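Given the coordinates of chain A, work out where chain B should sit on it, guided by the hints.
There are 2 protein chains.
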Amino acid sequence: MEVIKGGVTVAEGFKAASCEANIKYKDRTDMAFVYSEVPCVCAGTFTSNVVKAACVQWDKQIVDSGKPMQAVVINSGIANACTGKEGFDACEATAKAVEKSLGVDYASVAVASTGVIGMQLPVDKLVAGVEKMSKTLDGSIEAGTDASKAIMTTDTVNKEVAVSFHIAGKKVTLGGMSKGSGMIHPNMCTMLAFLTTDIAIEKSLLQEAVSEVVSDTFNMITVDGDTSTNDTLLCMANGKAGNDIVKDKNDDYETFKNALFYVCEFLAKKMAADGEGASKLFEAKVVNAKTKEDAKTLSRAIVGSNLSKAAIFGCDANFGRFLCAMGYSGAQFDQNDVELFFESKAGRIEVFHKGTPLDFDEDKALEIMKEETVTVFVDMHEGDAEATAWGCDLTYDYVKINADYRS
Amino acid sequence: MEVIKGGVTVAEGFKAASCEANIKYKDRTDMAFVYSEVPCVCAGTFTSNVVKAACVQWDKQIVDSGKPMQAVVINSGIANACTGKEGFDACEATAKAVEKSLGVDYASVAVASTGVIGMQLPVDKLVAGVEKMSKTLDGSIEAGTDASKAIMTTDTVNKEVAVSFHIAGKKVTLGGMSKGSGMIHPNMCTMLAFLTTDIAIEKSLLQEAVSEVVSDTFNMITVDGDTSTNDTLLCMANGKAGNDIVKDKNDDYETFKNALFYVCEFLAKKMAADGEGASKLFEAKVVNAKTKEDAKTLSRAIVGSNLSKAAIFGCDANFGRFLCAMGYSGAQFDQNDVELFFESKAGRIEVFHKGTPLDFDEDKALEIMKEETVTVFVDMHEGDAEATAWGCDLTYDYVKINADYRS
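Heads up: the protein sequence lines correspond to chains A and B, in order. Note that the first sequence covers residues 1 to 407 in our numbering. Note that the second sequence covers residues 1 to 407 in our numbering.
If we strip away everything but chain A, and leave its shape as in the complex, we get:
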């Protein structure tokens, strides 16, 4: 597998566009369009939030129907959540605008929104945006990058990645883009992520690979513990690589799944590091847990704790907070088995050993914690399962961003 430049446009037959639609933001792009020349099999994972945005309900219909997907229209600024029938009508109007402009069945057009909840989308601006973008669809790397910028809200960097690999001699490409960066505590999926690939694969296998990989990547990140109303990941596969269609869990399937894991983990970590107000990527790695579920629960609790996050911001090796978070996570364990370390590029230090606090070197700990990526490494000594979760620190800027988000 090779990591290559670009994002959603690098797979064969995919194009993208973006535009300034003035939906809520001014003087920046706020709509993006991802399009495949031919219909795609698709997979998706969506928020587990009971309050699902209109666009989530729309996309779920498509993914569940088994019908092909050919395009996704995305806007930033307004989330189209808590918007009743009017919100759902906006999804349909957007999809119909694509049908009118490009002649594709509107039932194969997904939509996604991100931004303020409880505000109606201006349908005329969405439709005008679709018309404009339909004329500028482009397969260049730049068009994909521009699309990844148009979907940003409080993100500080755009997030895209692409890889290529071979399946039985055929080159296959997979690219993706995603955005954060608040209300991030995915459960079934993350805020917004779009993956495009030219692999030929059966829909059921695509969905299975996506669901499995998402549960170990996007579902292992948290910024603030708030599972959004809009979490959506869509993966479109158009078959243009020309490989024999993948229809069994054979080596080809594993090759694809590994590439998918790389792409999803890359984007997920980028989102965590770019969490609202974040100054650090905060990683928790739990090893030798009783079960995989325990390892996931424990690692997520560590990176999810406000107190742990504030300690990471303050470069404070206040390890009791991490043990406290593990203790209320729901997983059962004996603190007398646990070893806890801090790790970063600057080194590694043990601070708690099987029930007893260690008299560790505070200067060394500070040096370790000052790095941009800090890992809490926990050895449970109870089994052989492991998991990693990613989050970020809790900073003044998180409060600032969210105390006046709408203004």
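It is worth saying that the hints were derived from the structure and are not from the lab. None of these values were measured; they are calculated from a predicted model. Mixed in with the good hints there might be a few duds.
Same chains, same names: a pair is fine if it fits in one copy or spans any two.
As the list claims (entries may be wrong) - Below, a list of computed lysine-lysine pairs in the DSBU-like style, where the Cα atoms sit at most 30 Å apart:
#, residue 1, residue 2
1, LYS269, LYS400
2, LYS24, LYS354
3, LYS96, LYS354
4, LYS290, LYS60
5, LYS85, LYS364
6, LYS364, LYS26
7, LYS370, LYS400
8, LYS249, LYS203
Then chain B, alone, in the frame of chain A:
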């Protein structure tokens, strides 16, 4: 029932003391002692955190044993959690110091600690503190107030309350004190709370009343979603009121339970309002839910959300965040049934009506949200259960306090 001045010393036969033991804090009191002249029946609720502090394990033994309790020794500064056998030995040494000074059985002496996790207590200082306080035990209101100050950590105000009521002609008194104010997300109980009463009541009924009341009061507050390792509530009843012992769930029991509810709700709300860095008390009232459990889940999710808390800090009527939190809470509901209001002393405004966002008056909303106590009122229109939860806003000061707590 009458609300009276004072706290843990107002019930007949209870005394308190406090002192500067220099455990971690300097130039302030950091140990408190609550003592009953005669042995008490006792009830307790403790943290559900798997990582239980040594003092929690010690107190649980006493409460579960059915033996009487006669004293509680509390220290602030160090939590005695994650401290292994050495931590448990510190509990025993403290209790034995009480036995030596006052001649009470050490197995009837509870201990409680609050502060930094993962640090050992200086046993010599604890023992010296007990010796000093044994000589200054006093039944005055002031002694109780001083005790409530000695147990503070990041609290900005001390928290105490007392009530009196009559049971079959006998005057009964109940008082209490508690402390917050970070790592507050009680599950079975809150950080530290101590209740004293002179009622004569059977132990099993006392425990039942305490457990029931705690689940609707202390367990309904949150500051940061972090369930502490040290959460402890102890209630001691010494029978000095001289009432016929309460041994059935009769009117006397209900009278006591109502007084207990008042005291616990008062202290719980005080703790929420004084959450670390808080500038406001943030209340969520959910009515007409399908079940009581749903109402509790929904109201706790609202006050627990970082994004909701930041919006409350910013006086931003960004109601989508509250609906989002309800949606991921775990309760099932249809957003098309929901009505959501903001309320405070300055008035009441509806912002979301049965699935549709309302075009509300932003100036009026701002006026309402600027008050010191802000309520999110949600009508589910699904049943007749209701619940209230309390929290606080998320502020710069919360981050400040927790980014350098140990230094």
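30 Å Cα cut-off: does LYS269 pair with LYS400 within a copy, between copies, both or neither?
both (23 Å within a copy, 26 Å between copies)
Taking 30 Å as the upper bound on the Cα-Cα distance, should LYS85 and LYS364 be classified as within, between, both, or neither?
The answer is between: 27 Å across copies meets 30 Å, while 58 Å in one copy does not.
Pop the pair LYS96 and LYS354 into one bin, within, between, both or neither, using alpha-carbon distances up to 30 Å.
Cα proximity of LYS96 and LYS354: across copies only (27 Å, versus 62 Å in one copy).
30 Å Cα cut-off: does LYS290 pair with LYS60 within a copy, between copies, both or neither?
between (35 Å within a copy, 27 Å between copies)
Can you tell me if LYS364 and LYS26 fall within 30 Å by alpha carbon in one copy, between copies, both or neither?
between (47 Å within a copy, 27 Å between copies)
Intra- versus inter-copy proximity for LYS354 and LYS24 (alpha-carbon distance at most 30 Å)
between (53 Å within a copy, 25 Å between copies)
Within, between, both or neither: LYS249, LYS203 at alpha-carbon 30 Å:
within (13 Å within a copy, 62 Å between copies)
LYS370 and LYS400: within-copy, between-copy, both or neither at 30 Å Cα:
Both: 23 Å inside a copy, 17 Å across copies.
Violation of the numbered hints given earlier is absent; every hint is satisfied by the structure.
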